[in-house]
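Take the sequences, apply the hints, and build the full model.
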Amino acid sequence: ELNLRQKVKSDCPYFLLKDQGGEYVPFCRVLNFRITESQAANCSLHWQSCPLRELAEVG
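Start counting the sequence shown at 4; every next residue gets the next number (this note's numbering).
Hints are computed from structural coordinates only; laboratory data are not their basis.
Where a beta carbon is used, it is the ideal one built from N, C-alpha and C, also for glycine.
Be careful, since some hints might not be right.
Pairwise CB distance ranges, derived in the manner of DEER restraints [stated by the list, open to error]:
#, residue 1, residue 2, range
1, Lys12, Glu60, 16 to 22 Å
2, Gly24, Ala59, 17 to 23 Å
3, Asp14, Asn35, 15 to 21 Å
Dropping the structure here:
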């Protein structure tokens with residue numbers, strides 16, 4: 004499932020949640036791609052240790 008019915012909050016600067024009329028689309032700016040519900044949950048809880056975020060900040 005790529006669209007979420009509830010908002011997910013993440014402090015990651017590369018996480019974006021797009022409102023699509025009552026559903027939310029989680030998006031990773033590092034991947035430049037929509038992410039799954041489980042990936043969005045990980046992004047919310049473990050964003051500081053995300054290897055993608057670390058790569059983006061090094062590159």
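Hint check results:
| no. | hint | result |
| --- | --- | --- |
| 1 | Lys12 <-> Glu60: 16 to 22 Å | holds (21 Å) |
| 2 | Gly24 <-> Ala59: 17 to 23 Å | violated (30 Å) |
| 3 | Asp14 <-> Asn35: 15 to 21 Å | holds (20 Å) |
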